[in-house]
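Got chain A sorted already, so can you dock chain B onto it with the hints?
Just so you know, the protein sequences line up as chains A and B, in that order.
Take 1 as the starting number for the first sequence in this note's numbering and just add one per residue.
Take 79 as the starting number for the second sequence in this note's numbering and just add one per residue.
The set of hints was computed from the structure by calculation and includes no laboratory data.
Note that the coordinates shown come from a computational prediction; the quantities given were computed from them, not determined experimentally.
Warning: the hint list may mix true and false statements.
[Unchecked claim] According to the in silico footprint, chain B covers these stretches of chain A (three or more CB under 8 Å from chain B):
| no. | region |
| --- | --- |
| 1 | 48-60 |
| 2 | 64-71 |
[To be verified] Quick partial rundown of chain A residues pointing at chain B, CB under 8 Å, derived from the structure:
| no. | residue |
| --- | --- |
| 3 | 23 |
| 4 | 27 |
| 5 | 30 |
| 6 | 36 |
| 7 | 37 |
| 8 | 40 |
| 9 | 41 |
| 10 | 44 |
| 11 | 74 |
| 12 | 77 |
| 13 | 78 |
Each residue gets a CB set at the ideal place from its N, CA and C atoms; glycine is no exception.
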Amino acid sequence: MTIEQILVTFITSAPAVFIKAVAVIILFLHLAFSVVVVRQTKLMTGVVEANISPAIYGIAIIHFLFSLFVFMWAILFT
Amino acid sequence: MPDIFVSQPPPTSPVSSPADIPINTVENPKSKFSYLGKLFSSYMFMPDGVRFETQEPGETIMLLLRKHWLTNIGWVLISVVLLFLPFILLPMLKLSGTLPETTPASWISLFILAWYLLTFSYFLVNFLLWYFTVSIVTNERIVDIDFINLLNKKFAETRVARVEDVTMRTGGFIRSFFDYGDVFVQTAAKEAVFQFLAVPHPEKVVMVINKIMGVEEEEGEVH
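Isolated chain A, as found in the complex:
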């Protein structure tokens, strides 16, 4: 049985599981991206420091938490 055949069997027999798996993988990649955003924002605020820098860093953290929330939602509630 080739990989293609396995995939086709998997998609046709359990489409919901397949969609969930794809969603979780994409959201996991996005979660990794949001970690990079937080890290880079910290570096950027170090390069140019302003009064608003902590707020911008805070927004990056909110973005990460939102990404984590959606990732957990995909795992737990779908």
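Here is chain B on its own, set in the frame of chain A:
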């Protein structure tokens, strides 16, 4: 007896320090709105509370420049469209029958959440790239910090004494109307040309750099 001849007052002395440069277009904040406007301004003359990574002791930021706010209009509009699109898209999909009636509510919720997450990411990344890509003119140096993307940064600097020529370019209706354009700083440094692209008030930027160059030359002659 009326005066026949009144001598003209002596000409004002040339600029002796960067603090004498009388170009200040940033008004003092009078309201919360103008305070926010100042925080996100693209043209800041002697900004308060701003520092950069390699700033030396005694070095004063004279100008902090970003791209004009109008250059952000593309991604801001796209973000606004993305914000409202689910309100149009989901009912349309339901009406057309593309989205089956049996679709679980949890899947629709996930779609909406993921959509807004991606919209948030798109907005945040574009904002960060705009906000942190700055050109800084201090009383001693010209610094250009370019964030090409989130992971790539380009940093270039030169001493004001090494600046040879400063030119500006503006053209077209929109640039003329909103008073923004490109400033090119020709130097004898490794980075031959510093480009401040789409910055507000390019004429004032050239004037400030020229005045700082004048001060530097005077200081050089004194020493």
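Here's how the hints hold up against the structure:
1. 48-60: holds (count 8)
2. 64-71: Our answer is that it holds, as 4 residues pass the Cβ test (under 8 Å) against chain B, meeting three.
3. 23: 7 Å, holds
4. 27: For residue 27(A), the interface hint holds, since the closest Cβ of chain B sits about 7 Å away, which is under 8 Å.
5. 30: Status holds, d = 7 Å.
6. 36: Holds - the Cβ of residue 36(A) comes within 8 Å of chain B, reaching about 7 Å at its closest.
7. 37: Status holds, d = 7 Å.
8. 40: 5 Å, holds
9. 41: 6 Å, holds
10. 44: Holds: closest Cβ of chain B sits about 4 Å from residue 44(A), inside 8 Å.
11. 74: 6 Å, holds
12. 77: 5 Å, holds
13. 78: 5 Å, holds
Checked against the numbered hints given earlier, this structure breaks none of them.
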